[in-house]
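K.L.:
Protein chains in written order, with UniProt numbering: chain A, 1 to 478; chain F, 1 to 478; chain G, 1 to 478; chain V, 1 to 478.
By construction, these hints were calculated from the structure, which means they are not laboratory data. Source: prediction; values computed, not measured. Among the clues, some could well be false.
[To be verified] Ranges between beta-carbon positions, derived for each pair:
1. A:Ile388 / F:Pro390: 55 to 65 Å
2. A:Arg326 / G:Thr376: 41 to 51 Å
3. A:Arg53 / F:Lys55: 50 to 60 Å
Glycine residues also receive a C-beta, built at the ideal position from the N, C-alpha and C atoms.
Number of protein chains: 4
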Amino acid sequence: PEVVDSRRKRSQLKKDMEWHLKMLLLPRRNVSPFSHSPAASYTDSSDDETSPRDKQQKNSKGSSDFCVKNIKQAEFGRREIEIAEQEMPALMALRKRAQGEKPLAGAKIVGCTHITAQTAVLMETLGALGAQCRWAACNIYSTLNEVAAALAESGFPVFAWKGESEDDFWWCIDRCVNVEGWQPNMILDDGGDLTHWIYKKYPNMFKKIKGIVEESVTGVHRLYQLSKAGKLCVPAMNVNDSVTKQKFDNLYCCRESILDGLKRTTDMMFGGKQVVVCGYGEVGKGCCAALKAMGSIVYVTEIDPICALQACMDGFRLVKLNEVIRQVDIVITCTGNKNVVTREHLDRMKNSCIVCNMGHSNTEIDVASLRTPELTWERVRSQVDHVIWPDGKRIVLLAEGRLLNLSCSTVPTFVLSITATTQALALIELYNAPEGRYKQDVYLLPKKMGKGIPSPWPYARPQESSLPFPCCSQWTPL
Amino acid sequence: PEVVDSRRKRSQLKKDMEWHLKMLLLPRRNVSPFSHSPAASYTDSSDDETSPRDKQQKNSKGSSDFCVKNIKQAEFGRREIEIAEQEMPALMALRKRAQGEKPLAGAKIVGCTHITAQTAVLMETLGALGAQCRWAACNIYSTLNEVAAALAESGFPVFAWKGESEDDFWWCIDRCVNVEGWQPNMILDDGGDLTHWIYKKYPNMFKKIKGIVEESVTGVHRLYQLSKAGKLCVPAMNVNDSVTKQKFDNLYCCRESILDGLKRTTDMMFGGKQVVVCGYGEVGKGCCAALKAMGSIVYVTEIDPICALQACMDGFRLVKLNEVIRQVDIVITCTGNKNVVTREHLDRMKNSCIVCNMGHSNTEIDVASLRTPELTWERVRSQVDHVIWPDGKRIVLLAEGRLLNLSCSTVPTFVLSITATTQALALIELYNAPEGRYKQDVYLLPKKMGKGIPSPWPYARPQESSLPFPCCSQWTPL
Amino acid sequence: PEVVDSRRKRSQLKKDMEWHLKMLLLPRRNVSPFSHSPAASYTDSSDDETSPRDKQQKNSKGSSDFCVKNIKQAEFGRREIEIAEQEMPALMALRKRAQGEKPLAGAKIVGCTHITAQTAVLMETLGALGAQCRWAACNIYSTLNEVAAALAESGFPVFAWKGESEDDFWWCIDRCVNVEGWQPNMILDDGGDLTHWIYKKYPNMFKKIKGIVEESVTGVHRLYQLSKAGKLCVPAMNVNDSVTKQKFDNLYCCRESILDGLKRTTDMMFGGKQVVVCGYGEVGKGCCAALKAMGSIVYVTEIDPICALQACMDGFRLVKLNEVIRQVDIVITCTGNKNVVTREHLDRMKNSCIVCNMGHSNTEIDVASLRTPELTWERVRSQVDHVIWPDGKRIVLLAEGRLLNLSCSTVPTFVLSITATTQALALIELYNAPEGRYKQDVYLLPKKMGKGIPSPWPYARPQESSLPFPCCSQWTPL
Amino acid sequence: PEVVDSRRKRSQLKKDMEWHLKMLLLPRRNVSPFSHSPAASYTDSSDDETSPRDKQQKNSKGSSDFCVKNIKQAEFGRREIEIAEQEMPALMALRKRAQGEKPLAGAKIVGCTHITAQTAVLMETLGALGAQCRWAACNIYSTLNEVAAALAESGFPVFAWKGESEDDFWWCIDRCVNVEGWQPNMILDDGGDLTHWIYKKYPNMFKKIKGIVEESVTGVHRLYQLSKAGKLCVPAMNVNDSVTKQKFDNLYCCRESILDGLKRTTDMMFGGKQVVVCGYGEVGKGCCAALKAMGSIVYVTEIDPICALQACMDGFRLVKLNEVIRQVDIVITCTGNKNVVTREHLDRMKNSCIVCNMGHSNTEIDVASLRTPELTWERVRSQVDHVIWPDGKRIVLLAEGRLLNLSCSTVPTFVLSITATTQALALIELYNAPEGRYKQDVYLLPKKMGKGIPSPWPYARPQESSLPFPCCSQWTPL
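With the rest of the complex left out, here is chain A (with noise of 0.2 Å):
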C-alpha cells in the first residue's frame, strides 16, 4: 500500500493527480464516526472560488495563525473530530495518562500529513501532552476543510486546504516551518517533503531538530538514503514499520476491506465461489481467512517458502495460477510483484470473473494488455469495468486494477488510531531519550521505551496487572 507515499514524486504525480479525482467521485458518505474517507467534506459546495491566501480570516480568539478554506465550517469539524475520538481509544487513554507529567513540553513539533479527524486528534493529543504545533498537509487533495478549521478555531496553527496548487502546497510547509520566534525541535511527517524543506531551506534549523518521526514508505525511504550518503544528522524513527503499523494496515484492514471492496463494486454473493489468491503475505494471510469463512472456495499461488508452507498449513491448496484460471470466478492479486495476471491469463478466465489487486500500486494486474481494439470496454458502474471478448466473453475488472481496498473501501478509524498512537510515542520516546541513546540514523520504535516515559507503549500494561492497556474498546471502562 505504498501508492499514497509515492505520490509526490513528479514522474508519478499526473497519474496520481488523475486517481485522486476518480477517487473523489465516488459517491462517499458525509461523517462516519468510523472511517477516513479523504474526499468527503459535506458543506464543500461552497461557490467560495476565492484562494484562502487572498482570505483574511481570524478566530474566536482573535488569532489569525492559520490559514484554512474557512473558518466557519469549524463547528461541523469539531462533531467530526469528536465521533473520531471514540473509535481512537488507545490514543485517548495516552492523553489521559500522560497529560498530567506533560513528556512533550517544550516539545516544538512541526507536522506535514493528511488533515482529518483522525489527524486532529493526534494533534490534539500532542498538544494536551505539552506541545506546540504547526501543520500542513502531505496531499493536495485530502484535506478535509472542516476539521482544518476545527483545529484552527482551537488555536492550532494550520495551513491546509482541500485542492491546494503545488506552490500553495510549499507555501503552506514554508508557513508552519519560517515563523518569526519559534523554531521546530520535532518533525512528524508522511511522504518526507517536509523533512527535505527543511533540510534544504533550513539546514541550520534542521541540525537543531531533536527527531523526525516519518510514517510513509517513501519518507522512510529517503530517510534511509539520507543517513547512507551520511547526510541525516538528526535521528529518526521509522513508524511505517512498526509491526502494529504493518499488522493493521495488512492483514486486519484486508481481512475485511477485500470483502467490503468486492461487495461495493459487485454485490455478488461470496458463498461458493471460487477464488484464487497470489500471495500469501499478510494482503493475502487477511484476504484468504476472509473469503474462507465467508464460504468460498479458496486457492493460493504463493513463491516464497514459507508463506508458501503457511499457506498449506492452514488449508489452502496451493496451486499455479494457470491451473485454475479456467475454472475461478474472483482472481485477486498480492503478491506486490508486476503483472502477475497477465493477458494469457485474462484470455483464459471464463466467463464474468471478477478480477482485483489488492497488492502493489496498480502494476500486479497487465490492465494496459487489456487496451486493444479487439476488446471492448463497458464501465458499468464506478470502478467497475467490463471488458468484452470478441465472443462475448467477459470479465469484471475492478478499479482498473487499481488498490481495491483504497479505491473501494475504506479505511476505518481504528486501523488510523493504531499509526497515530504509535506516531505519538515515537514522538515522546525521541524527545525524552538521554543524550546518546538515538544516534544520526533511523530506528524503528523500541518495545520497551525509556524510563519515566509516561505510557511506555499503546497497549502495554502497568506493571502490576496482567491485563493489556485498552487497544481496543474491550478495555473501556464502563
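Put chains F, G and V on the given structure of chain A with help from the hints.
P.N.:
Showing chains F, G and V alone in chain A's frame:
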C-alpha cells in the same frame, strides 16, 4: 424477511411506501451482474410523464400486447438480463436440459412477481420449456422499466412499470388474465394478489387452473386460509418454505449481508469488537458466523433451548442481554419477536454503540421509545441516525430499526436464482403430475419429482453420477 | 451409529460379539470423568469365576434384591458415578429442580440399558424424582461391574454383570419384571428387548404400562412395526430421533471424535493434508468442520441436493470420489450407504492413504474386496492394518472399516448426558400426561410439555428469564 | 519446548530421567508411519542383557564398524524407515533432486541426534547426496534399536542403543570421532555434546571442521557462548531458530497436540467448554485456534502488547486470569514464564477444572504448592491426577504440570521432517559456501542459498515455475 410480502395490507401501505421511497434514495449503482437492486434504473431520469396506459407502443415485431414504460429501453434491459444469466447457473442448466423435452408445452402461465432481470431469466426459461406467459408486477415500485421493455420486445406480454398507481396495479393484473382466446392454466404468484383476483373475478377460470406456485409468506398464508375454508379447488406449491429458499434467504444471505450492511453504513472495523446477537435461528447463525470470522467477540441471547444449545456448542457465550448491554459495541436483533431491545437497554448502552435489526420487520427494537423530548436525533447519513442522550452519549441506530439487510445491503442474484429455480420446478411438477397426485391442498416441493420430469430438482444429479447437478459456478463446465 | 442397536439380531450376533471382543482389547483407561468406556473395569482381573447367579450377596442394608458381580466393588463404582455427575449438568439440574415436586412419585420404572456411570446418574435422578426402579443390562458385555455394585449398594435392584450368557441376559430381564407385589408402569428400553419380553411373556402387564421410552434405532423400529400391526397398546416416546440426541451423537460428537480417532490410531498431522469426506449429513458436517479447522484441504462427495448445496456454501469443493481418489491422503466415509469405497477406488489410492469409516456399521468400505491373495495384510497396531499391494503400495485401513468413532475414540459423558436427560424428561412427560394426550402410538418428545411438569425441557429457561437453563458448564452456578 | 535440550545439564539429569521413565510407561503403539514415538520398540522385550559394547556383531556385508543392540533387528527397522519416508516428502524430494549432483561429495559428517526412523531418513539422504556419515545418539533413552540396526546393516557406522549408561554415551560419541584414517569435516549436533567433545578432546580436528549444524536450544546457547568468548573457530548454523522449525514445533504442532493431549488424558468434550489460555505466542495461538474450532469459548491472558492485540483482533476476549478463574473448565499455560498459575488460582478454580501446561518445562503451574497435607492426590490414570480439596472439590492436573504435548501426545513425523530437511540444507549450504561467506559465527539458514546448490530451500520453487517445491503431500506427483 416478510416486509415485502405484507406490503399490500392496507394498514401498512403508507408506512411501506415511505420505506420504499427512502430505499429509492439510497445511492445505488446502475447495473450489477450479481444483485437485485429494485430501485435502480439508469435511464429513469426520463421526463416522460405520460402514463404507459395512455401510450401506443409496438415492439419491433409489431406486437402491442404489452404495457411498459418505454419499449425503446429494451436494449439496456437485455444487457441486464444477460448479465443476470451468469449468476443463475441452475436455471440456465434447467433451460438447457429441459428444453428438448418441452415439459411445459401447453402451459399457459400467468405471473405476478417483481419485474427484475432475475425474473426475466425465469420467464425466458419457462418460455424455453414450452410455456406461454403473461406477466404483471407484484409491487408498484419495484419494476425495472428496461427489463420490462426487453421482455416486451422479445414477445412477452408484460404489463408493469415503476410507479404504478393502485388502480394501475389491478389493471395490469387484469390485462394478464382477461384475454380474448387465451386462458391461463397455471399461476405463479408472489403475494397472492393475482390468485385473489382470479379467485374473486373469474371463479370459472380459477377452477380450471392446474396449479398455483406461491413464493411469499403472505400469499402462502392466504392459500392455507382458503384451503382451511375448503375453497381452494386447485393444488398449490408453497415455495416459501422450501429448505433451499429458507437456507439462502436466511443463513447464507445474512452471513454476508450483516457485514455488508454494517460496513456500508458505519465503515467500522469488526476485529476486536464485542457484539451481542439476539436470537440464534438461521439469521442469527449467519450473523454470528460472519462476525466471529472477522475477529469480533460474539455473545448470543436465545430462549429456544435447542438453538441455545447450538450456540453453545458453536462456541458462543450465551448471556442475558442485560449482562452484556453495557459493554458491547454492536447489538443485532434477529429473534422474530417484538421489543427485544427496550428503552431500558438503550439507556444502558455505552457511547457510540451500534444498534440494528436483521430479524423481523421493524418491531424488534423499540424505536418508538426513543422519540422522546430529552433525546436528540441526528441523521448523519442515509440510514444512519445518532440518538443523543442529555449527557452526550450517542447510540448509532441503523435503518431506524428496519431490516438492515434489506435497507442497507443488497440481495445477491445467486440467492434470487435459488428461488427462481424452485419456482420453475414447482411449475413443471404441478403441470406434469398425474391426475390425483396433488389434491386441492398446499404442498411443499418434493425432493423426488414425477418420472419423466427432466430435472427433478435444481441440484439433483443424474442417476449415474455422484456429482450434484450444477447449483453454482463450481460445476459450470469449463 | 446403529451398530450397537442391531446387536441382538440373531444373524448378526456372532459378528458383533467378535467386534465387541476386539473392542475390549483396546488399551483403555480406568476412570474418566468425561467419557463412557464400556469395557473399562479396573478391578476386573478378579479370578472369581463363580456366576453371580450362584452367589449370595447382601448390601450393607441387608437387601439381596439384586444380582451383580461383586457388591464389594461398590465404593469404586460410587466414585465413578460422582465423577460422571460433574459432566451431566442438565440431569443434575433436573434432579435439583424437580425433586421437591416428585413428578415421578408412584412411577415404577423397569429399565434395560447399558449399565455405566452415566446410567447410574440417570437412575439416581429418577429415584430422586420419586420413581422406583428395577434395572437390567441391554448388552452382555457392557456392564461396569463396579457401577452395578454401587447401585445395588444404594438400594437399586440391579441385575447385570459383564460377560453374561444369553441365558443370563433374559434371566436378568425377567428378574426385573417378574416380582412379587411390584408391577412396573413405565418402561425405559434401549434395543427393545425388555419391551419385547414383557409384550410376549406378560401381555396383561404390558397393557397396564403407562408409557415406553425407547432410545435405539432398533427398538424404535420395532415399536413402529408393533404400532403398524395395531398391537402397540401403550404410548411410546422415540428418544432416538430427538433433535438434541441427533445433533450430539452426530454433529458435535463426530466433530471431535474424527480427530481423536485418527490421532490415536495414526498420530498423523492434519495440517496440509488432503481429505475427501463422503457424505455431508450431520456426521460429514462434523468431520469436515474439524479437519478444515486443523488446516486440512477437504473435498466432499454428496448426492443429496440439499446437503450438496450446504457443502458448497460452507466452502467445500464438491467432487466425485474418482476425481480426487489419486491425490488424497485420507478417505472418510459417512454416507450411510453400502460400498461407497470400492476395490477400484482402493486400487487407485496413493501410497499410505488412510481409509476409515464414520458412517454406518461396517458396510461403507468394501473391505471384503481386500481379502484377496495378491494383497498382504499387516496389523501394525490395534485397529490399524496396512494392506499392501504387489508393487509395495500400502493403504492404512482403520478398524477394518468399522466405525472409527466407536472403535478408536470414546463417547464423552457430556454427549451421553444429553440422551439421559431426554430419557428422564420423556418418562416425566408420559407419566404425567393427562388421559388422552398420547394415544397408542410412537411420539417424539414435544418442545413444550404438560403444565405442572417441573422442568419442561433440559435446556428450557424459566418463564421469567431470557437465560437458558443449564445445558453445560457455562451456566453452572459459581 | 526446551525440555529435551536441557537434558544433560547435570543438575537436571535425575529429574529428566524420571520423566523419561514415566514417558516410557505410557501405552504406546508399535510402529507409526506418522509419528515419532521415542520409547517404542516392539522387540525390546528381549531378555538379552549383554552390553552391546561386549558383543561381536557383523552386518551382512561383513562390516563390524558399528555398535547397536542387535543387528538382527535390521529388517524391522528398515520397515519403519520406509514408512517414515512417506511422511517426509521434502527430504525425499531433496534426495531425488540433489543426488545427481552430489553436493555433499567429500563431506564427512559426524552426527549426534536421536536415533529414530526420521533420523535414518535424514542420514540416508545425506548419504545419497555424497556424504560419509558416522552417528551417535544424543540421548541415552531415545534410540530405536531396530532403526539403529537397519542403519548399521546398510553400512552406516552407528553407535547407539536404548539404555546407554553415561559412560556408554561418551564412548559412542568418541567411536564416531576418533577413527583411524577418517576425519570429520562437518558436525550435525543436537544438544552440543558432540561439539563440546570434539572441541575439548580434539582441538586440532575442531579447527578443520567446515561447519556445525545445531538444532537444540541448549546447543545453540553453547555456540553463542563460544562465539562470545572468541573460541568458535568454525561457522555454525542455528537450525533451532529457523522460521519453519519455530512455526512447526509451536503453532502447527500445538494446534493439534492440545486437542490430542486433552482427549487422550480426559476424553472430555470440547464443545461449549470455557477455556482460558495463558499466553498468546505461537503455542497459545495454536491452542486457541484449535479449541475455538471445536466450539470452546476461549479467553486469553497476555502481557505482551503486540500479542495481546493479535488475540484481540483474532476474536478472543482478553482477561486477567483472576477474572475468569472461577468459571472456566480448562486452564492452559503457554507463557514461558514461571508460576503463571498459582496456588491461589488453584484454590479458586471450580470443581473438576482441568489444568495443564503447553509452555515451558514444568514451571508454569506452581505444582509444588499443591503438595500440602490438606490436599489429597489421586492418580486416576497415567498422566492424570485428581487433586482434592477438603470440601471435596477436585482439580484435574495433567502430566503433573509438565509439557502436555510431550507427555500425553506424539510429535508427527511431518513436523520432524521439517527440521530434518532444514538440517540437510544447512549442511549443504555450509559445505558448499565459498570461502569467506560464513565467518566464525552462528548463522541462521539464509532464504536464498549459494549458486549451484541444488535445492536452495526445502520448499523453494525452480526459477521458472510459480509452484512451490513439494513441502507436503499436496504436491506429491500422482
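K.L.:
So which hints don't hold here, by number, going up?
P.N.:
No numbers; nothing is violated.
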